[in-house]
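Protein sequence lines, in the order shown, are assigned to chains R, Y, S and H.
Residues 1 to 99 (this note's numbering) are what the first sequence spells out, left to right.
Residues 100 to 198 (this note's numbering) are what the second sequence spells out, left to right.
Residues 199 to 297 (this note's numbering) are what the third sequence spells out, left to right.
Residues 298 to 396 (this note's numbering) are what the fourth sequence spells out, left to right.
In case anyone wonders, no lab produced these hints; they're calculated from the structure.
A portion of the hints provided could be inaccurate.
Stated by the list, open to error - Distance ranges between label pairs, derived from CB positions:
| # | chain 1 | residue 1 | chain 2 | residue 2 | range |
| --- | --- | --- | --- | --- | --- |
| 1 | S | Arg227 | H | Arg373 | 31 to 39 Å |
| 2 | Y | Leu117 | S | Arg227 | 34 to 42 Å |
| 3 | R | Gln39 | S | Lys251 | 25 to 33 Å |
| 4 | S | Ala275 | Y | Lys118 | 35 to 43 Å |
| 5 | S | Ala248 | H | Arg373 | 40 to 48 Å |
| 6 | H | Glu334 | Y | Ala176 | 32 to 40 Å |
| 7 | Y | Ala176 | S | Ile282 | 48 to 56 Å |
| 8 | S | Lys251 | Y | Gly178 | 28 to 36 Å |
| 9 | R | Glu81 | S | Arg220 | 45 to 53 Å |
| 10 | R | Arg98 | Y | His111 | 24 to 32 Å |
| 11 | H | Glu334 | R | His12 | 24 to 32 Å |
| 12 | R | Arg33 | S | Leu216 | 42 to 50 Å |
| 13 | Y | His111 | S | Ile282 | 18 to 26 Å |
What the hints assert, rightly or not - In silico lysine-lysine, DSS-like type, Cα no more than 27 Å apart, as pairs:
| # | chain 1 | residue 1 | chain 2 | residue 2 |
| --- | --- | --- | --- | --- |
| 14 | S | Lys285 | Y | Lys113 |
| 15 | S | Lys251 | H | Lys350 |
| 16 | Y | Lys113 | Y | Lys152 |
| 17 | S | Lys285 | H | Lys384 |
| 18 | R | Lys53 | R | Lys19 |
| 19 | Y | Lys152 | H | Lys311 |
| 20 | H | Lys350 | S | Lys217 |
| 21 | R | Lys14 | H | Lys384 |
| 22 | R | Lys14 | Y | Lys113 |
| 23 | S | Lys217 | H | Lys384 |
| 24 | S | Lys285 | Y | Lys118 |
| 25 | Y | Lys152 | R | Lys19 |
| 26 | S | Lys251 | H | Lys384 |
For glycine and all other residues, C-beta sits at the position ideal for the given N, C-alpha and C.
Number of protein chains: 4
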Amino acid sequence: MNETPHPHGYIHQKDDYLKRLRRIEGQARGLQRMVEEEQYCIDILTQVSAMTKALESVALGLLDEHLAHCVVDAARAGGPEAQIKVKEASDAIARLVRS
Amino acid sequence: MNETPHPHGYIHQKDDYLKRLRRIEGQARGLQRMVEEEQYCIDILTQVSAMTKALESVALGLLDEHLAHCVVDAARAGGPEAQIKVKEASDAIARLVRS
Amino acid sequence: MNETPHPHGYIHQKDDYLKRLRRIEGQARGLQRMVEEEQYCIDILTQVSAMTKALESVALGLLDEHLAHCVVDAARAGGPEAQIKVKEASDAIARLVRS
Amino acid sequence: MNETPHPHGYIHQKDDYLKRLRRIEGQARGLQRMVEEEQYCIDILTQVSAMTKALESVALGLLDEHLAHCVVDAARAGGPEAQIKVKEASDAIARLVRS
Numbered sequence: 001m002n003e004t005p006h007p008h009g010y011i012h013q014k015d016d017y018l019k020r021l022r023r024i025e026g027q028a029r030g031l032q033r034m035v036e037e038e039q040y041c042i043d044i045l046t047q048v049s050a051m052t053k054a055l056e057s058v059a060l061g062l063l064d065e066h067l068a069h070c071v072v073d074a075a076r077a078g079g080p081e082a083q084i085k086v087k088e089a090s091d092a093i094a095r096l097v098r099s
Numbered sequence: 100m101n102e103t104p105h106p107h108g109y110i111h112q113k114d115d116y117l118k119r120l121r122r123i124e125g126q127a128r129g130l131q132r133m134v135e136e137e138q139y140c141i142d143i144l145t146q147v148s149a150m151t152k153a154l155e156s157v158a159l160g161l162l163d164e165h166l167a168h169c170v171v172d173a174a175r176a177g178g179p180e181a182q183i184k185v186k187e188a189s190d191a192i193a194r195l196v197r198s
Numbered sequence: 199m200n201e202t203p204h205p206h207g208y209i210h211q212k213d214d215y216l217k218r219l220r221r222i223e224g225q226a227r228g229l230q231r232m233v234e235e236e237q238y239c240i241d242i243l244t245q246v247s248a249m250t251k252a253l254e255s256v257a258l259g260l261l262d263e264h265l266a267h268c269v270v271d272a273a274r275a276g277g278p279e280a281q282i283k284v285k286e287a288s289d290a291i292a293r294l295v296r297s
Numbered sequence: 298m299n300e301t302p303h304p305h306g307y308i309h310q311k312d313d314y315l316k317r318l319r320r321i322e323g324q325a326r327g328l329q330r331m332v333e334e335e336q337y338c339i340d341i342l343t344q345v346s347a348m349t350k351a352l353e354s355v356a357l358g359l360l361d362e363h364l365a366h367c368v369v370d371a372a373r374a375g376g377p378e379a380q381i382k383v384k385e386a387s388d389a390i391a392r393l394v395r396s
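Build out the structure end to end from the sequences listed, making use of the hints.
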C-alpha cells in the first residue's frame, strides 16, 4: 500500500463520502432553520434521528474499508503492526457502539 | 398553548441550541476536509463519534423540554391530547434509541 | 396513586413483560452454551444483538407506560412533582440512548 | 487454525466470558423479580441499562478477539477468505451499532 498515493484505502469512494457528508452538513443547517422557526420539537427530533443514521452509515462504511485495507494489509505485512491496528479498530468500534 | 408566542417550550434556550447546531455543522465540514485530505480513517471515525454524541445531546435536551412543556401541559389541559403527545414522544424516543 | 393496588402503571402488561424477560434470560443461557461449545464468534454476536434488541424493546415499553401513567398523573396532580418525574424520565432516556 | 483445538480465538478468556454471561443471566432474573414486585419503573429501566451495557461489553470483547484472531489469521493465510471475514465482521459491527 505504501507505494500508492492513496494510503488509507477509502479513496476510491472519496466522492461518495464527500457527497454524503455534504448532505449531512445540509441536515445540520436544516435543523438550525427548524429551531430558528420554532418548529415542532418532535419534527426536529425526527430530523436528528435521520442525521444520526446518516452519520452512522458513513462511519460503518469507513470502518469496513479500514478493516478490509489497513487491518488486512498490516496482517499480511506481518509483525506487531496488525495487533496495533486491531486494537485501534476495536477502540473505534467501542466509541461507535457507545455513541 | 396557541396564544403564547413560544409554543414549543424550547425557545428560552433557542440561542444555545443554535450555537450547538452551528458547531455540529462545522464538524460536518471538518469531516469533509479530513476525507478530502485523506486523513487516517480512525481519526475520521473519532470525529464522527464526537459529532454523533453532540447530536445526541441536542436531541436529549429537546426531548427533555418537550416532556417538561408539551406533554405536561397537555396532561394538565385534560382530554385525549396527553395520550397522543405521549405516543408521539415514545415514538421519538424509540427512534433515538435505535439510531 | 397511592391508593391503587398497582402504583406503577405497567401492571396490566405484567405477564407480557415477565414472559419477555424469561425469554431474555433464556437467551443469556443460550449464549453461555454457545461460548461453552466454542461456537463461531459471529454467530454469538448475532445472538447478543438479538438479545440487546429484545431488552431495548422491554425498556421502550416500560418507558412509554411510565410517561403515560406516572408522568401524566403527576402533571394532572399539579405541584412540583411533575417536573421531578420529567427529570427522572429524561435521565432514564439518556441512559438508554447512551447504552 | 484448523489444527488447534480452539478454533475461534476467544477460548483463553472462555471462563471470563462465561462468568460475565452468568451475571447477565442473573440480571435478567433480577428484572423479573422487580416486575413481579411491581417496583418503580425508573429503577427497572436503570437495571435494563446496566444489563445492556454489560452485554455490549461482552460483544465488544468478542469482536476484538475475532478481529485479532480470525480476521488477522485469514489475512495471513491469503486468498479471498480475508475479505469474507471482513464482510462478516462489518455486518456484525453494523448490527451492534444499530442495536
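Evaluated hints:
no., hint, in the structure
1, S:Arg227 with H:Arg373: 31 to 39 Å, "36 Å, holds"
2, Y:Leu117 with S:Arg227: 34 to 42 Å, "50 Å, violated"
3, R:Gln39 with S:Lys251: 25 to 33 Å, "31 Å, holds"
4, S:Ala275 with Y:Lys118: 35 to 43 Å, "36 Å, holds"
5, S:Ala248 with H:Arg373: 40 to 48 Å, "32 Å, violated"
6, H:Glu334 with Y:Ala176: 32 to 40 Å, "34 Å, holds"
7, Y:Ala176 with S:Ile282: 48 to 56 Å, "20 Å, violated"
8, S:Lys251 with Y:Gly178: 28 to 36 Å, "35 Å, holds"
9, R:Glu81 with S:Arg220: 45 to 53 Å, "47 Å, holds"
10, R:Arg98 with Y:His111: 24 to 32 Å, "31 Å, holds"
11, H:Glu334 with R:His12: 24 to 32 Å, "58 Å, violated"
12, R:Arg33 with S:Leu216: 42 to 50 Å, "47 Å, holds"
13, Y:His111 with S:Ile282: 18 to 26 Å, "20 Å, holds"
14, S:Lys285 with Y:Lys113, "20 Å, holds"
15, S:Lys251 with H:Lys350, "12 Å, holds"
16, Y:Lys113 with Y:Lys152, "19 Å, holds"
17, S:Lys285 with H:Lys384, "42 Å, violated"
18, R:Lys53 with R:Lys19, "15 Å, holds"
19, Y:Lys152 with H:Lys311, "33 Å, violated"
20, H:Lys350 with S:Lys217, "22 Å, holds"
21, R:Lys14 with H:Lys384, "20 Å, holds"
22, R:Lys14 with Y:Lys113, "36 Å, violated"
23, S:Lys217 with H:Lys384, "35 Å, violated"
24, S:Lys285 with Y:Lys118, "24 Å, holds"
25, Y:Lys152 with R:Lys19, "22 Å, holds"
26, S:Lys251 with H:Lys384, "22 Å, holds"
Of the numbered hints stated above, those contradicted by the structure are hints 2, 5, 7, 11, 17, 19, 22, 23, listed in ascending order.
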